[in-house]
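Enquirer: Sequence:
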Amino acid sequence: MKVIPFAKKRQLLTAAVSAALLLSGCSSLETRTAQGVSDHQPGGAMYFFENGLPETISTDSNSTIQLSGKHYRDGAHSLQWNFNNGSQLTFDQPVGFKHFKANGSDQSRHSFLVWIYSEAPVNDHLTFQFGEDDQVKTQFKMKLDFTGWRHAIVPFGEMEGNPTEMMNRLTLIAPESITSGSLYIDQMMLSIPVDPRWPTRDNQLPFVNLAADSAPNSHWLSLYRFDQLAKKAAVSNSASTEAVISERFNTLLMDEVRPLTDKKLEAIRDQYYGYQIKREHGQATGIPLDNTNRLKIFLDKGVNKGLLDDQASDLLFKNADLKPYGELMMDIASAWHGTDNEVTREELATMFINLADYFDDQGFAYGSSLGTVHHFGYSLRPLFKAHFLMQDVLNERNRLERTQQMLSWFAGAGRIFEPADQIDSFNIDVMNTQLQGILASILLISDSNEQARWLSQLSQWLSTSLVTSPGTAGGFKEDGSMFHHSQHYPAYGKGGLRGLTPVVYMLSGTDYAISQKAHALLRNATLMTAVYANQNRTLMSIAGRHPTGKESMETDPFLYMALSGTPDGGQTIDQEMAATWLRLTDSPAPALVDKFTSMGISANQPAVGNWSMNYAGLALHRRDGWVAGARGFSRYLVSHETYANANRYGRYINYGILEILPENPDNRAFSHDGWNWARWPGTTAVQLPVDQLNADLLNVDTFSGLEEMLLSTQSFNGALSMNDNGLFATIVEGHPKYDGSFSANKSVFFFDDRIVALGSGIKTADDQHNTETTLFQHAVRSDAKATTINGNKLASGDRKQLATSSTLLMDPNSNAYFLPEGQSLLIEQQQQESRHQKNSKVTHGEFATAVLSHGKAPENAGYEYAVLVNTTVEKAAQFKNSLSSELKPYQVIRKDSQAHVVEDQASGMTGYALFSAGVVDAGVVASVDTPVLLMTEGDENKLSLTLVDPDLRLYQGRDESQYDEQGVQKEVSIYSRSWRKAPSIPHTLTLELKGQWQPSSLPDDVVIKGYQNGNTLLAITTEQARNIEFELKK
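Going left to right, the sequence shown walks through residues 1 to 1034 as UniProt numbering numbers them.
These aren't lab readings, by the way, just hints derived from the structure by calculation. Be a bit skeptical, because a hint or two may be false.
[Said to hold, decoys possible] Below are the DSS-like pairs computed for lysine-lysine, each with C-alpha atoms no more than 27 Å apart in a straight line:
(1) Lys838 - Lys305
(2) Lys263 - Lys296
(3) Lys1033 - Lys305
(4) Lys800 - Lys763
(5) Lys264 - Lys278
(6) Lys305 - Lys737
(7) Lys970 - Lys737
(8) Lys141 - Lys263
(9) Lys763 - Lys785
(10) Lys550 - Lys737
(11) Lys263 - Lys70
(12) Lys98 - Lys137
(13) Lys296 - Lys264
(14) Lys296 - Lys143
(15) Lys800 - Lys737
(16) Lys98 - Lys296
(17) Lys137 - Lys101
(18) Lys841 - Lys550
(19) Lys1034 - Lys856
(20) Lys1009 - Lys981
(21) Lys942 - Lys1033
(22) Lys942 - Lys856
(23) Lys880 - Lys793
(24) Lys278 - Lys232
(25) Lys1009 - Lys994
(26) Lys318 - Lys264
(27) Lys305 - Lys263
(28) Lys970 - Lys1009
These figures come from a predicted structure and were not determined experimentally.
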């Protein structure tokens, strides 16, 4: 939604003439008009006052009503009520209220909505009473201490009294404390269903939706609470290096300023006049300014819910939108700094002030939540910057204090006064959209002592928040995961880093720098983005609800972390971060490149090694520029995220996916159009037709929306890293919503450029569709290599069922696949028909695919295959021949329901995926009393071990609230889980090793508890699925 365009092209006005018009408040715009809109909408009674005075409205003898074009929220009119003290305005008609009936598809609650305009603040309130004729059933009061527009969204369940479905009257009672006055009323909706997560309390309605202060979206909606925190905070003295921070902020913003051109100035004027601003009696009015997030009340992910007819929908959705307004303000601020012409600067300054006053008049003011402020931050980002850049103009024209208060309110700056012992997460939305606004609002505080107090508190809050993220709470984990929506979510994380790292840089080296611990944690999370991405393109398994193949990471955070220095403050430039930025950036700043080069810093090489990110359920393995990732889900980590318009077919994406992303991500296997959503690489899944994979979305509770994020009941899901190698294992379990009978034990072992994948215990009751394990599904591109079978190219239309032991299979990225005999291998290349992940439209594409078939309704199926990554035909042939020799490159020691154990010949390492406790009797391991991952390296006299208990242990026992009366797991929202922000529970396990071993290098959490039957018993305390490394000797 953009500013309403003009019907005819305006000619470019000279700067002098424009400035004169601006100062006078005049314009040559056409008059805004609106067609009549019915008050009887499909969703109920809605008064827009565009079709004359409704007969249902009456007043007492002490007041009058009329239609007015002076102030309006839609169309061209509102209802003007001229009242005396205690006057009454009555609407006689059925209210339309409906009680909520519990269900799993829609949690909306009937609510009352209205816009009220006041030309002067009144220290009193307006009363709204709903009743059956003269009998009042429920009511609420709205404070009138404001000027301009205010919006109320009040659920009936939060009013005083007990609403009934027979209510047929609404009465407004004027304040008693003044003799007379006028209010303007518009867009009154007597009772419509509203998502209960959205109503937001403010200074006028402080009683609304108190639950939002502790809800998952509290970071958006708790503006009133945050403001109260700031008011209650104690005053403290701080040091004074504020000027350095302000100068850095200004420098960053000025980097975006370009010299003003005539073309740009004309475009700014054109947009400005679209707001039809008029000045009268010190007020600046204009066309209605709204926000797309508020208008989601009338939408269901872009699909009209049927509350409005076409005319009403057009009326509401054609207003000016907050986001382009903010972008215009930033354009004006940049233009003001980009010209030395004093006349033009005066014109631009006047535009900015007029728009700022209009913004305030529209209700975007301190203490106002405009009904709801959910997701406002995304639209406000340019406004925070624009007002900071124009602080001198705002100060000269006596708008700075009002602006500072407004920015502080909408940024939720008071949140920084949250007591440290009550901070339980760090929300990435705040980092991304509001943090720089918080800093800007602080730097606009005129009192230096007060500004220092806020900066000191900001530093303390950041230092605490950055290191506080228990369980699946938002923020940064020690393994580099960036949590949002209770999962590792780089698509949001990159925005968080984009907003956070410049602030960390601005504070660095001052008295307000963040703590060393917080800095180190942030540094690690930033570095990890370069591990799970190639050329900034991320793995598909961590794409969240955006399976496009285009999800990417940002490079600027590396630059800001480089400029922030090392965590200990010992170096003003972090050389590793600088070297990584030089490698990744595609738009290097010459001055910074020269600075780093002069320090001897040059672009580094991609990382090599193996990483376990167990808060993400993710294993990462890198060599020679490529990265392989394996991922699963569990009873703590959701399998996928699906919305009505995003990732509708993504159910299987983390069913043990094994993705190999080449150095050039343009050559990746994934391509959206034609993609078979049941065949993610490495996954084992029932091959449902695409339409049966379409998610059956529910709105299961008031914590969530219309979405799907399923949990399993399994806790075994994770990875281990040791000496640049590692392993991953998971128990995949289907959800009863679709197929609770499905399960599979899966593991992946990483040894240098060799990957071994095992599966066992594969079963499902589905006897209508095949169950398959996908080796790869690769898009066929005209400029790419072909898939080959024993050196022969696979052609379009080919479909081959092959004996596995005799096949040398290579995909287009030169990954060679080796399969022991006795497995059913299907290879094909064909045009595929699929569905678009957002809107279910038909898509097509050609793909080469290799799968292992387990048939219909397997009961205990398994598989084994190895991959030689990024290899040559010659090396692949040698590897294949060696598989039949006495000295095999790897040996599968066990592959059953309890254990997958693989020994690698070249590295001398053995990996153990022990899915259940008990006797193991494989390699050096005799038994274990807890399911674990283990990797060993050594000989008969010395032994190095790494152990991981992959159970995050966020709770013990069974979460009974996830089960129905028959004991079957049901769909629940991850946001409703009581354990969502619980810390990992320490657990001590017993590992029995063959032979009698002595300690060589033991951490505090490993103790030799004794010897039994010639074996060694170790007590190992685990927490947060960490890698525990230790050494033994004989």
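Enquirer: Are the hints correct? Go through all of them and say.
Expert: Here is how each hint holds up against the structure:
| no. | hint | verdict |
| --- | --- | --- |
| 1 | Lys838 - Lys305 | 18 Å, holds |
| 2 | Lys263 - Lys296 | 35 Å, violated |
| 3 | Lys1033 - Lys305 | 69 Å, violated |
| 4 | Lys800 - Lys763 | 25 Å, holds |
| 5 | Lys264 - Lys278 | 23 Å, holds |
| 6 | Lys305 - Lys737 | 26 Å, holds |
| 7 | Lys970 - Lys737 | 7 Å, holds |
| 8 | Lys141 - Lys263 | 50 Å, violated |
| 9 | Lys763 - Lys785 | 36 Å, violated |
| 10 | Lys550 - Lys737 | 30 Å, violated |
| 11 | Lys263 - Lys70 | 34 Å, violated |
| 12 | Lys98 - Lys137 | 14 Å, holds |
| 13 | Lys296 - Lys264 | 33 Å, violated |
| 14 | Lys296 - Lys143 | 26 Å, holds |
| 15 | Lys800 - Lys737 | 35 Å, violated |
| 16 | Lys98 - Lys296 | 20 Å, holds |
| 17 | Lys137 - Lys101 | 20 Å, holds |
| 18 | Lys841 - Lys550 | 19 Å, holds |
| 19 | Lys1034 - Lys856 | 51 Å, violated |
| 20 | Lys1009 - Lys981 | 33 Å, violated |
| 21 | Lys942 - Lys1033 | 4 Å, holds |
| 22 | Lys942 - Lys856 | 48 Å, violated |
| 23 | Lys880 - Lys793 | 18 Å, holds |
| 24 | Lys278 - Lys232 | 39 Å, violated |
| 25 | Lys1009 - Lys994 | 14 Å, holds |
| 26 | Lys318 - Lys264 | 25 Å, holds |
| 27 | Lys305 - Lys263 | 42 Å, violated |
| 28 | Lys970 - Lys1009 | 42 Å, violated |
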